[in-house]
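*Asks:* Just so it is clear: in the sequence shown, position 18 is 17 by numbering that gives the first Met the number 0, and no numbers are missing.
Just so you know, the hints here were simulated from the structure itself, not pulled from any lab data. C-beta: ideal position from N, C-alpha, C; glycine also. There may be inaccurate statements among the hints.
To be verified - Per label pair, the in silico range of CB-to-CB distance:
id, residue 1, residue 2, range
1, Leu90, Gln27, 34 to 44 angstroms
2, Ala35, Lys147, 31 to 41 angstroms
3, Pro164, Val16, 37 to 47 angstroms
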Amino acid sequence: MARNDGRMALSFVVDPVLSSALRDEVVQLWVDVTNAGGAVGFVGPVTVDEVRPVAEAAFAGVESGIDRLVVGLDDGRVVALLFVVDNRFGLKAHWRVLKRVMVLPGSQGLGYGAALMRQAADVGRALGLDGLQVTVRDGHGLDGFYRKVGYREVGRVPGALRIGPGDDRDELFMWLDLR
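From just these sequences and the hints, can you work out the full model?
*Replies:* Written out as structure tokens, the structure is:
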């Protein structure tokens, strides 16, 4: 389906087949987002070789059926993604954590992030979950984005993330109630 500007509309695939090509595309997106300053588990600059082991561990969770992967495609290209990660603890089985929420640099500002978060909420509801939690690295202004899509801050650990010498950031916990 084309948009008014002639570009393809964003579509989503939940738990796509993790082919070698898709794995490579996801890893490259992860590198690009990190190197553009994104807070997705690394501090740039990073290389494919640094990201791949972390990505492979995330893929293993999806392949085991425990975690879910949501991929946003624009004209067949991966432009957004996130992992819906199980807590692996029975007392927390009623909610999940969103990890590695990312949108391709250059595709930001097009509403892809908000659409991705709506898709994650749909996945959560389909799983019968009570809520979704996302952890945010302070200092990027991302808490404002998450507030706009319905999340609220429910906790903060001061200085929990050491980005570099003399650069400690708070870790924020944000929650979307799905009930």
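*Asks:* Confirm or reject each hint.
*Replies:* These are the hints, each one checked on the structure:
no.	hint	result
1	Leu90 <-> Gln27: 34 to 44 angstroms	37 angstroms, holds
2	Ala35 <-> Lys147: 31 to 41 angstroms	21 angstroms, violated
3	Pro164 <-> Val16: 37 to 47 angstroms	42 angstroms, holds
Checked against the numbered hints listed earlier, the structure breaks hint 2 alone; every other hint is satisfied.
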